[in-house]
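Asker: Protein chains in written order, with this note's numbering: chain A, 1 to 348; chain B, 1 to 245.
Please note that a few of the clues may not be correct.
[To be verified] List of simulated lysine-lysine pairs, DSS-like, C-alpha gap at most 30 Å:
{"#": "1", "chain 1": "B", "residue 1": "Lys218", "chain 2": "A", "residue 2": "Lys47"}
{"#": "2", "chain 1": "A", "residue 1": "Lys190", "chain 2": "B", "residue 2": "Lys109"}
{"#": "3", "chain 1": "A", "residue 1": "Lys163", "chain 2": "A", "residue 2": "Lys190"}
{"#": "4", "chain 1": "B", "residue 1": "Lys187", "chain 2": "A", "residue 2": "Lys47"}
{"#": "5", "chain 1": "B", "residue 1": "Lys238", "chain 2": "A", "residue 2": "Lys130"}
{"#": "6", "chain 1": "A", "residue 1": "Lys176", "chain 2": "A", "residue 2": "Lys136"}
{"#": "7", "chain 1": "A", "residue 1": "Lys176", "chain 2": "B", "residue 2": "Lys177"}
{"#": "8", "chain 1": "A", "residue 1": "Lys137", "chain 2": "B", "residue 2": "Lys218"}
{"#": "9", "chain 1": "A", "residue 1": "Lys220", "chain 2": "B", "residue 2": "Lys238"}
{"#": "10", "chain 1": "B", "residue 1": "Lys120", "chain 2": "B", "residue 2": "Lys25"}
{"#": "11", "chain 1": "B", "residue 1": "Lys177", "chain 2": "A", "residue 2": "Lys137"}
{"#": "12", "chain 1": "A", "residue 1": "Lys209", "chain 2": "A", "residue 2": "Lys284"}
{"#": "13", "chain 1": "B", "residue 1": "Lys187", "chain 2": "A", "residue 2": "Lys296"}
{"#": "14", "chain 1": "A", "residue 1": "Lys93", "chain 2": "A", "residue 2": "Lys130"}
{"#": "15", "chain 1": "A", "residue 1": "Lys296", "chain 2": "A", "residue 2": "Lys47"}
{"#": "16", "chain 1": "B", "residue 1": "Lys29", "chain 2": "A", "residue 2": "Lys220"}
Read the hints as simulated data drawn from the structure, not as lab findings.
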Amino acid sequence: MPTTNKQFEDLWQDDFVLLMENLANTDRRSPPEVGSSPKELIYCENKLQLFRYNTLDVKQKKTPILITYALVNRPYIADLEPKRSLVLRLLEKGYPVYLIDWGYPDSSDCFTSLNDYINGYLHRCVQQVKRDAKRKKIDLLGICQGGVFSLCYTVLHPAEIRKLVTLVTPIDFHTKGNPLGLWTAGLNTKVLTNNSANVSGQLISQLFKAMKPFQLSREKYRRLEHLVNKKENLDTFLRMERWLNDGPDLTGTAAHEFLINFYQQNRLHKNTLTIAGNAVQLAKIKSPVLNLYATKDHIVPPKATRVLSQHIKPTLYHEQALVGGHIGAFTGLKTQHDLIKSLSNWLG
Amino acid sequence: MTTDTNNPYAQFNALINSNLPDEYKEILKRFQEQGLFYQQLIQKVNNNESDLSEFWNLPNALGFDTPSNEQPEWLQSIFNMNNFQETTDTSLIQQFTQAISELPLQAQKNMSTVQSTLTKMSRLYDELSQSAMQRFQTLKDEFPNASNEQLCTFWLTAGEKAFSEISQTNDYIDTQKELLESLSELKNTQYALSEQVSNLFGLPSRQSLEDLQKGLHKLRIEFAEYKEQTEATISELKQTIRRLK
Numbered sequence: 001m002p003t004t005n006k007q008f009e010d011l012w013q014d015d016f017v018l019l020m021e022n023l024a025n026t027d028r029r030s031p032p033e034v035g036s037s038p039k040e041l042i043y044c045e046n047k048l049q050l051f052r053y054n055t056l057d058v059k060q061k062k063t064p065i066l067i068t069y070a071l072v073n074r075p076y077i078a079d080l081e082p083k084r085s086l087v088l089r090l091l092e093k094g095y096p097v098y099l100i101d102w103g104y105p106d107s108s109d110c111f112t113s114l115n116d117y118i119n120g121y122l123h124r125c126v127q128q129v130k131r132d133a134k135r136k137k138i139d140l141l142g143i144c145q146g147g148v149f150s151l152c153y154t155v156l157h158p159a160e161i162r163k164l165v166t167l168v169t170p171i172d173f174h175t176k177g178n179p180l181g182l183w184t185a186g187l188n189t190k191v192l193t194n195n196s197a198n199v200s201g202q203l204i205s206q207l208f209k210a211m212k213p214f215q216l217s218r219e220k221y222r223r224l225e226h227l228v229n230k231k232e233n234l235d236t237f238l239r240m241e242r243w244l245n246d247g248p249d250l251t252g253t254a255a256h257e258f259l260i261n262f263y264q265q266n267r268l269h270k271n272t273l274t275i276a277g278n279a280v281q282l283a284k285i286k287s288p289v290l291n292l293y294a295t296k297d298h299i300v301p302p303k304a305t306r307v308l309s310q311h312i313k314p315t316l317y318h319e320q321a322l323v324g325g326h327i328g329a330f331t332g333l334k335t336q337h338d339l340i341k342s343l344s345n346w347l348g
Numbered sequence: 001m002t003t004d005t006n007n008p009y010a011q012f013n014a015l016i017n018s019n020l021p022d023e024y025k026e027i028l029k030r031f032q033e034q035g036l037f038y039q040q041l042i043q044k045v046n047n048n049e050s051d052l053s054e055f056w057n058l059p060n061a062l063g064f065d066t067p068s069n070e071q072p073e074w075l076q077s078i079f080n081m082n083n084f085q086e087t088t089d090t091s092l093i094q095q096f097t098q099a100i101s102e103l104p105l106q107a108q109k110n111m112s113t114v115q116s117t118l119t120k121m122s123r124l125y126d127e128l129s130q131s132a133m134q135r136f137q138t139l140k141d142e143f144p145n146a147s148n149e150q151l152c153t154f155w156l157t158a159g160e161k162a163f164s165e166i167s168q169t170n171d172y173i174d175t176q177k178e179l180l181e182s183l184s185e186l187k188n189t190q191y192a193l194s195e196q197v198s199n200l201f202g203l204p205s206r207q208s209l210e211d212l213q214k215g216l217h218k219l220r221i222e223f224a225e226y227k228e229q230t231e232a233t234i235s236e237l238k239q240t241i242r243r244l245k
């Protein structure tokens with residue numbers, strides 16, 4: 001805090017004053033809403049909630065899409081705000097859209113394993129979607145770690161999935177120059193767990209920030225001008241800030257298993273992964289796969305995801321580059337157009 | 001609002017003490033903190049100060065140099081590691097002795113190991129700051145008439161490049177690993193100690209709590225599977241009835 005006898009002089013003082021006035025405006029008493037596309041809760045289990053989004057007045061496709069996001073962040077990033085909502089774009093094309101919200105684990109969830117997530121929660125959600133949509137198969141759209149879960153699920157339950165989409169999904173965790181891979185080698189997650197025996201969401205958030213520490217911790221707070229010049233820019237910024245600081249804890253067991261099997265042993269790419277004793281070999285996938293990757297992704301670099309082509313039969317595999325970063329690939333205004341075009345052409 | 005809008009400081013304070021949503025207060029504080037940072041950076045650069053290394057202090061950038069919620073609770077509950085420094089008046093050993101004189105020897109050894117790896121990390125952070133500062137100086141020399149905006153961009157470029165280089169060296173990775181391993185050892189010692197204390201006071205041990213958690217978890221999964229089977233059966237029966245009709 002500045003001392004009282006020192007004037008608050010700054011490069012961007014005028015902009016900061018505007019920001020303060022903006023936030024203090026009586027119209028802004030409550031922060032902008034996130035995940036606001038209307039939806040209905042159709043299933044819940046422990047902390048998990050499964051939502052079906054309300055359809056729009058367009059001709060409906062038959063096969064529903066189930067969106068599976070990562071455990072490390074909240075899934076409303078897929079519906080952050082109307083202009084940037086992947087969910088809304090899909091609804092506009094007539095796709096019935098469902099989404100899994102994993103919820104916020106607490107200490108009673110610390111023994112939830114990857115098997116529980118994939119063969120338990122995800123499997124039961126797929127059954128719920130099938131019954132609700134009255135279909136025998138569904139399309140699965142996995143984002144980041146959600147894509148990893150979706151791949152594993154499709155290997156283990158081939159009859160359930162018509163088509164699989166993976167978005168910014170890591171396959172090879174040992175690509176050269178991947179700092180997360182280097183830092184987690186030999187790490188024991190037990191040192192990271194808190195009193196709830198889970199891994200704190202704040203710690204995970206710090207870990208991701210540490211990949212580009214100066215840019216992600218300081219730079220965005222310097223660039224004020226574009227925020228104060230346009231209300232919608234500030235709204236978007238506030239929504240993103242909320243999302244970035246809203247990371248749930250990771251259950252201790254699943255975090256430990258993911259670290260060992262994926263980051264340390266790279267078992268998915270090496271075809272040595274097993275879940276509850278069942279081999280997860282990506283070559284066994286019989287459904288068509290569309291792999292969408294972001295060209296400027298520093299968390300899941302293109303190399304880490306495009307290796308999926310080495311595992312899936314060529315006749316089944318299709319990939320598409322999206323210009324943007326890890327999150328910008330599906331929230332960026334320009335990229336969404338390309339993303340939806342690719343999705344709707346491929347899904348049918 | 002009746003605050004003096006010509007005085008941003010007063011306005012800031014007024015907002016922080018107002019009924020503004022906490023989320024906004026946090027955001028304003030973050031902006032204010034970073035604004036001060038850049039102000040100091042530009043001032044020192046324009047004053048041609050030679051040592052700018054503090055501006056690439058990694059723990060400071062990530063918020064690690066003050067007690068924070070990101071540290072595991074068990075670490076905070078022992079004492080704040082970041083407050084221990086080697087000084088000429090009081091040696092580390094004396095500081096340790098004061099703080100942990102009642103803890104068993106093993107824990108003292110663990111803490112000592114943690115502290116020495118923290119010291120190693122500090123040295124690496126210093127290297128990072130120096131490297132970033134040199135890169136910054138090179139950029140500044142190339143563009144002597146750089147605007148403040150450009151200086152800030154140089155700051156970012158210098159910092160990220162220096163970090164990218166140092167964070168992938170074996171030294172950095174090994175030291176980080178050593179730190180986390182030493183923290184793990186300390187945690188194991190703490191676990192053993194807490195089991196002893198629980199026994200002494202007749203409290204549920206960590207093991208018994210774990211057993212409860214496992215049991216609850218197993219029960220939840222079994223119930224969910226049972227519920228799913230029931231729903232699937234009901235759904236099939238309904239379809240059969242519809243067909244028969």
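Asker: Take the hints in turn and mark each one as holding or not.
Answerer: Against the structure, the hints:
1. For a cut-off of 30 Å, the pair hint linking B/Lys218 to A/Lys47 stands: about 15 Å separates their Cα positions.
2. Of the supplied pair hints, the one linking A/Lys190 and B/Lys109 holds, its CA atoms being roughly 20 Å apart against a limit of 30 Å.
3. Between A/Lys163 and A/Lys190 the alpha-carbon distance is near 37 Å, which puts this suggested pair outside the 30 Å criterion.
4. For the hint linking B/Lys187 to A/Lys47, the alpha-carbon distance of about 29 Å falls within 30 Å, and the restraint holds.
5. Proximity of B/Lys238 to A/Lys130 is assessed by CA-CA distance (about 15 Å); at most 30 Å being required, the pair is judged to hold.
6. Distance hint between A/Lys176 and A/Lys136 is unfulfilled; the C-alpha atoms sit about 41 Å from each other, more than 30 Å.
7. Between A/Lys176 and B/Lys177, the direct Cα distance comes to roughly 19 Å. Compliance with the 30 Å bound is thereby established for this hinted pair.
8. Restraint check for A/Lys137 and B/Lys218: the C-alpha separation of about 29 Å stays at or below 30 Å, so the hint holds.
9. Between A/Lys220 and B/Lys238 the CA atoms are separated by roughly 56 Å; this puts the pair beyond 30 Å, and the hint is violated.
10. A distance of roughly 36 Å separates the Cα atoms of B/Lys120 and B/Lys25; the hinted pair therefore is violated under the 30 Å criterion.
11. For the suggested pair B/Lys177 and A/Lys137, the alpha carbons sit about 45 Å apart, so the restraint of at most 30 Å is broken.
12. At roughly 36 Å between alpha-carbon atoms, A/Lys209 and A/Lys284 are farther apart than 30 Å, so this suggested pair is violated.
13. Taking the CA atoms of B/Lys187 and A/Lys296, the gap is about 38 Å. The hint is violated against a cut of 30 Å.
14. In summary, the hint linking A/Lys93 to A/Lys130 is supported, as the alpha carbons are separated by about 20 Å, within the 30 Å threshold.
15. About 34 Å separates the Cα atoms of A/Lys296 and A/Lys47, which puts this hinted pair outside 30 Å; it is violated.
16. Under the criterion of a C-alpha separation no larger than 30 Å, the hint pairing B/Lys29 with A/Lys220 is consistent with the structure, at around 14 Å.
Consistency note: the structure conflicts with the earlier hints numbered 3, 6, 9, 10, 11, 12, 13, 15.
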